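*Asks:* Residues per chain are reported as follows:
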Amino acid sequence: MKNIELTSTTAQRIYKDYLKRVEKCLTILSKVDRQEMLMEINSHIFEGMQRFSDNNETDNLLTVLEKLGTPKEFLKPVIADKKIAQAVRTFNPKDVLQALLLNFKNGIIYSVFALLYLLLFVFVFFIASKIIFPTKTGLFYLDDKFQAFGFIQNIDGMNDVLRFWFIPFVTLSAIIFYLLITLLLRFTKKK
Amino acid sequence: MNNLFVHKWTAQVKKGVLSFIVLNILQENEYYGYELIEEVKKNTDIEIAEGTLYPLLNRLKKEELVSSKWVEQESGIPRKYYSLSEKGKINLQEMKEYWVNMSSSIQKLL
Chain A
1 MKNIELTSTT
11 AQRIYKDYLK
21 RVEKCLTILS
31 KVDRQEMLME
41 INSHIFEGMQ
51 RFSDNNETDN
61 LLTVLEKLGT
71 PKEFLKPVIA
81 DKKIAQAVRT
91 FNPKDVLQAL
101 LLNFKNGIIY
111 SVFALLYLLL
121 FVFVFFIASK
131 IIFPTKTGLF
141 YLDDKFQAFG
151 FIQNIDGMND
161 VLRFWFIPFV
171 TLSAIIFYLL
181 ITLLLRFTKK
191 K
Chain B
192 MNNLFVHKWT
202 AQVKKGVLSF
212 IVLNILQENE
222 YYGYELIEEV
232 KKNTDIEIAE
242 GTLYPLLNRL
252 KKEELVSSKW
262 VEQESGIPRK
272 YYSLSEKGKI
282 NLQEMKEYWV
292 NMSSSIQKLL
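So the protein lines, in turn, are chains A and B. Just so we're aligned, residue 1 is where the first sequence starts under the numbering used here, counting upward by one. Just so we're aligned, residue 192 is where the second sequence starts under the numbering used here, counting upward by one.
No incorrect hints appear here.
Here's a subset of chain B near chain A, in silico, CB distances under 7 Å, partners left out:
(1) GLY224
(2) PRO246
(3) ILE268
It should be emphasised that the hints constitute simulated quantities derived from the structure, not laboratory data. Bear in mind the structure is a predicted one, so any value in this text is a computation, not a measurement. Where is the CB? At the ideal position from N, CA and C, for every residue including glycine.
Work out the full structure, taking the sequences as your base and the hints as a guide.
*Replies:* Put into structure tokens, the structure is as follows:
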């Protein structure tokens with residue numbers, strides 16, 4: 001991206017600082033999206049500066065930036081939108097978490113998804129439990145009838161049908177669950 | 192107290208109609224961001240933090256109501272021009288009809 005040529009060093013510093021703030025707000029976006037937005041803001045500043053006929057560069061720059069607003073404030077919606085799109089495309093848990101946090105305020109639907117994702121920790125808990133209490137964690141049957149799944153204090157006469165398959169089974173279920181809710185999230189965005 | 196309520200209400204109304212205004216402006220011509228903001232200001236008395244227009248344009252683009260293209264300039268700093276897409280034209284028509292109906296029914300209440 002070509003920077004705007006400014007003669008005063010003060011103006012240069014203000015300009016660079018502003019662009020840096022914009023860039024910082026956009027770090028969670030992909031490189032292409034970030035570059036695009038940055039170029040557009042840069043173009044806005046340039047066009048704004050052209051509208052002045054006097055030579056008070058620093059004053060004019062400050063006026064343009066003031067009217068444009070605080071990057072952190074006005075960029076909020078675009079970041080939230082793009083983050084969701086990115087999250088459902090990549091399946092990256094970090095993206096999903098960021099997207100949900102950014103969109104949390106946008107409505108009840110995202111709160112529901114946040115809860116669903118939180119449920120994933122139950123699986124983690126089961127695995128930890130199996131490691132600490134191997135005999136008391138599992139899928140328990142008593143005389144071919146389902147009794148419990150997970151951690152249970154009293155296992156008298158019960159049979160753990162999964163045994164050492166418990167951890168692989170729970171891990172696989174967690175992955176499937178994760179894929180399902182992320183696909184669901186993608187679907188809600190597409191409607 | 193009353194004033195605060197009115198203030199919040201007008202802010203909501205402005206926010207709600209901004210995309211409608213932008214689409215209306217784009218039906219005549221294609222504009223780059225800064226120019227588009229000037230048009231919004233010229234045609235309405237809406238005072239907006241200019242930056243808010245960019246997320247809005249982004250959303251309109253995502254919904255495929257507008258399309259955009261970068262046009263190189265002599266200055267070396269290109270402009271991003273926005274224009275109304277076919278889908279945008281159809282949507283705008285529906286929005287206009289809705290707007291006319293709603294304003295005439297509200298007019299009756301006043």
